[in-house]
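Visitor: Sequence:
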Amino acid sequence: MRVDARHLLDRMHPGESSRKVVPPANGSVCNIDALPEGILEHILGFLPAPEAVRTSVLARSWRDLWKSATGLRIGCRGDDSLKSVKELREFVDHVLLRRGDAPLDTCDFRFGEFQQEDVPHVNQWLRHAIVCKVRVFILSIISDESPSPWLELDDLPHASQQLTRLELSFVQVRNSFLNFTSCPLLEHLVLEYSELWLATKISSKYLKHLFIVSCRIEAPASEHSRIHIYAPNLVSLYIDDLEGRTPILDSMPSLIKAFVRITPDCEDACDKLLDPNCSQCECQYCGTSVNVGDGNNSHVLLKGLSEAKDLDLESAHDMFIFKMDLK
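Residue numbers for the sequence shown, in the UniProt record's numbering: 1 to 327.
Honestly, the hints are just simulated from the structure, not real lab data.
Among the hints, a few may not be true.
Each computed DSSO-like pair below joins lysine-lysine, with the alpha-carbon atoms no more than 27 Å apart [stated by the list, open to error]:
id	residue 1	residue 2
1	67	86
2	309	205
3	67	133
4	201	323
5	201	303
6	205	257
All chains should be built: construct the whole structure from the sequences, respecting the hints.
Guide: Below, the structure written as structure tokens:
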């Protein structure tokens, strides 16, 4: 029995299934089967993966279309429920096996929680997406645990030539992961609620948009080390609510818009800014420690932000970074 694809799509969008389909003026009925395979694969790429797979029952010509869908969306449902990695692991492994190395435009993984045994699987999925020449990779793991654990990611494969956008939430990445010199097309990087472990540098000559929010920066053993952000072609920068020391920004001559907020979780606090009567303070602002900058000057943020056309700086009262940069 042949099933009209329009009815399947109606069932996938509750609340819209009551809409009437108006036939064309010439009296013929629009048939989605008449569309080229490339367009159908693009359309299927916007569906959550389970729904895309279900289209294989529509007709013989649809049986394998989902395997070439341009998008792979796992856990991207219309409601607020997120399944754990364990619940979806078998399905994801099966889908990737059946897809093979078919090209991917977008890979979007959203999970509710994970166990340590899930970590190798998630890393394998990332490597598989890179082999499929993925352009947009999104990974978000939102757990009910408090504090939420970070999923440790391996280094990016050197074959990440097609990646243009990378969005990561609730992960732990090491210093070598943050070297994006092997990603010549990467222009958008989003890091949220994650840990940059033993990180010394975020490096990319090609990056244009950088968004770092609510991340912990765990610097190497040196007490006063800071992570450097080297992105000379950056156009927009958003840094907010970091835990650890404020990053050092290298020159960004193309910067147009920047927002930087230093919150109380930052370690660059000065006791004397809170209490003028304080006689002892070990912060770098008071000059009792080593050079706070990059060794050549004391600037942490100003060197990178000085070219911005639209600049918004905010800071908790006891944070000394902005005051020190303006000395």
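Visitor: Would you mind marking each hint as holding or not holding in the structure?
Guide: Here is what the structure says about each hint:
1. 67 with 86: 22 Å, holds
2. 309 with 205: Distance of about 20 Å is within 27 Å: holds.
3. 67 with 133: 15 Å, holds
4. 201 with 323: With a Cα-Cα distance of about 24 Å, the restraint between residue 201 and residue 323 holds, given a limit of 27 Å.
5. 201 with 303: 16 Å, holds
6. 205 with 257: 18 Å, holds
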